[in-house]
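The listed protein sequences correspond, in order, to chains Y and B.
Take 1 as the starting number for the first sequence in our numbering and just add one per residue.
Take 1001 as the starting number for the second sequence in our numbering and just add one per residue.
Derived by calculation from the structure, the hints in this document are not laboratory data.
Mixed in with the good hints there might be a few duds.
What the hints assert, rightly or not - List of simulated lysine to aspartate or glutamate pairs, EDC-like, C-alpha gap at most 16 Å:
1. Y:K115 / Y:E34
2. Y:K115 / B:D1035
3. B:K1087 / B:D1035
4. Y:K312 / B:D1035
5. Y:K312 / B:D1095
6. Y:K197 / B:D1092
7. Y:K115 / B:E1215
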Amino acid sequence: MLNISSWNLRSWVNMIVLVLLALVPVLVSWSGNEFYLDIATRLVILAMAAVTLNLILGYGGMISFGHAGFLGIGAYAVGIPVYHEIYDGFLHFPIAIIGSATFALITGMICLRTKGVHFIMITMAFSQMVFYGFVSIEDYGGDDGLVIEARSEFGGLFDMENNTTLYYFCFICLLATIYIVRRVVNSRFGMVIQGAKGNERRLQSLGFNTYRYQLACYVLAGAICGFAGALLGNFTSFISPEMMDWSRSGELIFMVVLGGTATLFGPLLGTTAFLLLEEYLPHVIDLVYKGGGVYWQLYFGIILILVVLYMKGGINGFLSRREGSK
Amino acid sequence: MDTTLLAAQLINGLQLGILLFLLASGLSLIFGIMDFVNLAHGSLYMVGAFFCATITDWTDSFIIGALLAIPATAVIGFLVEIIVVRKLYQRDHLDHVLATFGLILVFDTTTQMIWGPDGLVVPLPAWLDTRVTLFSDIVLPTYRIAIIGVGLAVAAGLWLLVSKTRLGMRIRAGASNRDMIGALGVDINLLFTLVFALGAVLAGLAGMMIAPITEASVGMGNGIIIVAFVVIVIGGIGSIKGAFAAAMIVGLIDTMGRSYLDSLFKLFMSNQNAETSAPAISAMLIYILMAAILAFRPQGLFPPKGR
């Protein structure tokens, strides 16, 4: 990996993105514009969610359209205790992990009995169920959401109230997630998951109970995504059911596909491109014709369709084609 | 129990069921024949509502508005199929959901550009905006009964179309073996376009019928489309009969749950507990129903044969 002479274009791009992300707080303190730290923190947390989605969707072929549900469960695992004046992060994060893992286990047991388009619709329906569940719980803000008054406390180990500390904590968690996914994918377990994506029946006839493997993979992805949700709750200081609306899940899928499915760094590249588009597309459109920026989602939708139709393999695929043509 | 309230809730449940059937039957046809997952189906529901609202405003007649909005929605269906959807049939389901997710953004934003962010009110003609009295003491809104009537007529028409006509025969043949009917000389591209436009019209019809009750608003289809997915998953994807049965079950259970679950809960728990838990449970009721049905029948209640 660190043998630079063997690096290709993709490795360089991945490394540049990682180095830039590591340097964001430094660049921000130079420019003095806190706003970029905000975007970068959001980017890192969403990338973490996208990496876990890629584990089931990209490597495992399980097209979950309810992944934002785990983000929401994780965020409420911070919001609800804080509402009851319990600030201990050593409690929040385990709740987030266990809560989302349990939800993944129960819904996964039902979803994974089905295949293909059923799976897409059922995962979508279950996350929408959580959405409506939280909408109707008036005690925790219902539709209006809940303000998180303080961030998780880690007994003086580090101070999450400091934005730079929070950012680096999220960044390290992202690196750890990428590392975990890399280990999982290259393990025997990961081989079964990828094999089941290609030809499930063959794996079964080899004696593997693919259902159990896929369920374990689904729970793992859900648990880590719940952890990312707890980070998101800490970062935004505000949670609402809208965070787990099915369109949020669709955006996560777009991040994975835009970067390149079943690639280690694809989700990170995709999330980066997604957030840059979301942030700057309105300004670019306003430059071309005044007042058009409000309707940036129209162009965003068109870009999405074009990416699906004509950019196979996403950014990662594009970069490897460039290598091929050299 | 108050009989008028019960009857009104039954009518509301049936009316929701009819709307869900109109959406779900189109989704199910499109999936059954083209193996295509259309998230943007809810956008066609919205387009139908806005066309109807605008034409009603021009002509001062809801009936003319609805009659003209039907071909207009069909044209939108044709265009979407030809410009985007047709290129996706050979792709996998992931590409379908993503591209149609993009279509939703395009539709929602374009609608907002044309009609503005506020909803459009659709006035009903006086003769529909009345109430009828049944059995001397039950008073029901005429329009909701009219929706149910139109929906049942459409369901019957759809059944006739699919089981008795040449086009219907081709649709059924296409659902069981696409390649074969292509090889037998049926213009399969034309057939697919027609089926997509038919689905668009059914969705648009649902939208234009609900518009006088809720008004036409941007993104109005994005919530109900998920419920329509629940309906076709429960009914068995690809089955029109299943879509009808499941739509009625889901419509009735959702409406009844929202009105009566708290009274039911009060039978065996304290009033306060019932009042906190009932709204949450009733909002989740149809998803719990779906989970329960899938746990026993993963293919749904009426899975289509021969696939």
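Taking the hints in turn, this is what the structure says about them:
no.: 1; hint: Y:K115 / Y:E34; verdict: violated, 45 Å
no.: 2; hint: Y:K115 / B:D1035; verdict: holds, 14 Å
no.: 3; hint: B:K1087 / B:D1035; verdict: holds, 13 Å
no.: 4; hint: Y:K312 / B:D1035; verdict: violated, 21 Å
no.: 5; hint: Y:K312 / B:D1095; verdict: holds, 10 Å
no.: 6; hint: Y:K197 / B:D1092; verdict: holds, 13 Å
no.: 7; hint: Y:K115 / B:E1215; verdict: violated, 37 Å
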